[in-house]
Amino acid sequence: MTHQGQTTGQVRAVSSENASYPARAEVPVGKLCARFFHRDIRLAIRSTGQWLNPLLFFVIVVSLFPLGIGPGPNMLATIAPGVLWVSALLAMMLSLDTMFAHDYRDGTLEQMVVSGYPLSVIVIGKVLAHWVTSGLPLVLLSPLLGLMMQLPTDAYGVLILSLLLGTLSLSFIGAIGAALTVSISQSGVLLSLLVLPLTVPVLIFGSGAVSAVATGLEASAHVSLLAAIMALSVSLAPVAIAGAIRIGVAASR
Amino acid sequence: MYRFADRLAPWLAGLCVLCLVAGLYLGLVVAPADYEQGDSYRIIYIHVPAAWMSMFVYVVMATSSAVFLIWRLKIADMVALASAPIGAAFTAVALLTGSFWGKPMWGTWWIWDARLTSELLLLFLYLGYLALRGALETPQSASKAAAILAIVGVVNIPIIHFSVEWWNTLHQPATITKFDKPSMHISMLRPLLLMVLAFQLLYFHNLMVRVRALILQRENRASWVAELAEKNHV
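Chains as they are written, first to last, in the working numbering: chain A, 1 to 253; chain B, 1 to 234.
These are calculated hints, taken from the structure and not from any lab test. We treat Cβ as the ideally placed atom computed from N, Cα and C, and that holds for glycine. Some clues are possibly wrong.
To give an idea of the interface, some chain A residues facing chain B are shown, with a C-beta separation under 7 Å as derived from the structure [unchecked claim]:
#1 V86
#2 L90
#3 I176
#4 L180
#5 L190
#6 L194
#7 I204
#8 A244
#9 A251
Ranges of calculated distance between the beta carbons of each label pair, as one might list FRET restraints [as the list claims (entries may be wrong)]:
#10 B:A131 - A:L56: 25 to 35 Å
#11 A:L236 - B:Q217: 31 to 41 Å
#12 A:N53 - B:L28: 53 to 63 Å
#13 A:N74 - B:Q217: 35 to 45 Å
Covered stretches of chain B, going by a simulated chain A footprint (3 or more residues, C-beta under 8 Å) [as the list claims (entries may be wrong)]:
#14 122-128
#15 147-153
Please take these sequences and the hints and turn them into a complete structure.
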């Protein structure tokens with residue numbers, strides 16, 4: 001949308017159906033990634049619901065737990081890491097299906113596939129933008145909710161760090177599921193069904209790190225493993241995402 | 001390929017029944033009772049082969065998915081599709097029998113033990129695979145999308161397994177998760193291996209029958225299918 005000129009250039013390149021795309025300008029990989037990142041960020045800012053709804057969901061789910069389990073401060077402090085992490089995970093799941101859906105519906109995704117630019121690089125830009133608009137707000141709000149859940153004060157640093165690493169991995173792992181289900185309308189529940197089992201390691205080490213600190217232990221082992229999962233998902237997932245998008249776009253033709 | 005599956009299926013069925021009868025006889029009648037667990041240990045003759053198969057079938061599924069994605073072999077996709085429900089059934093059997101054994105031995109139907117948890121997650125992976133296949137309408141895209149999911153799953157399985165194991169040891173080290181397994185006497189081991197073989201054969205037999213059906217379904221416009229149907233007065 002913000003790069004009108006470039007998009008029309010791509011369309012012309014497609015119609016020629018050549019292996020060498022004459023209309024395609026050479027763009028460095030980092031710049032290509034950044035372009036799609038900026039584009040998606042702008043789109044997200046313009047539709048408030050896209051970044052606000054997961055955030056509200058996160059707040060509401062967390063505040064349901066004291067109502068369901070009881071307001072005792074000791075009890076809340078014990079379950080706080082798990083509750084915050086599970087709620088953040090569910091909020092991320094909720095935001096996933098919008099990741100490629102709009103671009104799929106208006107044909108932009110297909111243009112990305114046929115543009116001749118490396119799809120996995122484009123995908124990285126898009127997923128990072130998704131993380132900034134849906135994962136990062138959760139991370140920033142989490143200390144406030146930790147306060148409401150009586151989380152011990154020295155656990156806040158690790159809570160933020162673990163959520164930073166974890167939500168980024170969740171964005172990349174979840175994007176695989178979002179790409180696989182892109183051609184299915186009403187894919188929300190199916191998407192969660194596919195992705196949730198794969199997110200178990202992130203949840204285990206994320207909430208494990210927070211509760212380790214809350215009970216006075218070292219969290220470095222958990223955090224290192226979380227960082228390893230993040231490195232793995234950021235480097236490997238884009239290939240699977242790009243492959244899945246190609247299949248989804250081909251299915252609609 | 002159809003003929004191959006057609007010819008192989010009865011042989012596999014016969015061998016499977018043979019191993020099953022021999023294994024069950026040796027396991028349930030000949031093998032002595034365990035000195036600690038009495039007769040209830042005998043459920044391992046179902047439980048252990050089912051648990052092994054649950055993992056083996058997933059690996060077969062992921063491998064044939066990769067073969068399908070790389071070489072576009074249709075038969076590999078059919079093998080993956082046919083394997084998924086069988087694997088899910090083996091996983092469910094392993095969980096159920098484990099639960100039946102856990103009640104008298106551990107005093108509870110379910111423990112959040114590392115192995116139990118990762119087996120449960122494996123079941124979720126199978127069900128997710130089947131759900132994705134069911135949801136996508138065009139067969140080609142369903143095959144490819146499901147193949148990607150199976151490969152992503154097989155990369156994740158070791159990570160999930162080890163994370164669950166560490167989670168368990170980090171959280172509750174003092175529960176009854178590990179019990180010393182005395183090395184097995186040969187009279188108990190022999191039926192177990194026979195049962196493993198029987199389950200293996202059961203899987204391959206089931207696979208052949210299902211693949212045969214899938215070939216017929218997908219090639220229903222081919223002339224040889226019509227001839228076959230005519231010959232069998234369908």
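A quick look at each hint next to the structure:
Contact between A:V86 and chain B, as hinted, is not supported at the beta carbon level, the nearest pair being about 14 Å apart and thus beyond 7 Å. With its C-beta approaching chain B no nearer than about 16 Å, A:L90 sits outside the 7 Å limit, and its interface hint is violated. For A:I176, the shortest C-beta to C-beta distance to chain B is roughly 6 Å, which falls under 7 Å, so the interface hint holds. For the restraint placing A:L180 at the interface with chain B, the shortest Cβ-Cβ distance is roughly 5 Å, inside the 7 Å limit, so the hint holds.
Restraint check, A:L190 versus chain B: the minimum CB separation of about 5 Å is within 7 Å; hint holds. Checking A:L194 against chain B: minimum C-beta separation of about 4 Å stays under 7 Å; hint holds. The restraint placing A:I204 at the interface with chain B holds, with a minimum CB-CB distance near 4 Å, inside the 7 Å limit. For A:A244, the suggested interface contact is upheld, since its CB lies about 5 Å from the closest CB of chain B, less than 7 Å.
Given hint, A:A251 at the interface with chain B, holds; its Cβ is 3 Å from that chain's nearest Cβ, closer than 7 Å. Remark: the range hint 25 to 35 Å for B:A131 to A:L56 is upheld by a beta-carbon distance near 28 Å. At roughly 35 Å, the beta-carbon separation of A:L236 and B:Q217 lies within the given 31 to 41 Å, and the hint holds. The given range of 53 to 63 Å is respected by A:N53 and B:L28, whose C-beta atoms sit roughly 58 Å from each other.
Hint check: A:N74 to B:Q217, Cβ distance near 60 Å, so the stated range 35 to 45 Å is violated. With 4 residues carrying a beta carbon less than 8 Å from a beta carbon of chain A, the stretch 122-128 of chain B meets the three-residue requirement, and the given coverage holds. Counting residues of the stretch 147-153 of chain B whose CB lies closer than 8 Å to any CB of chain A gives 5, so the stated coverage by that chain holds, three being the minimum.
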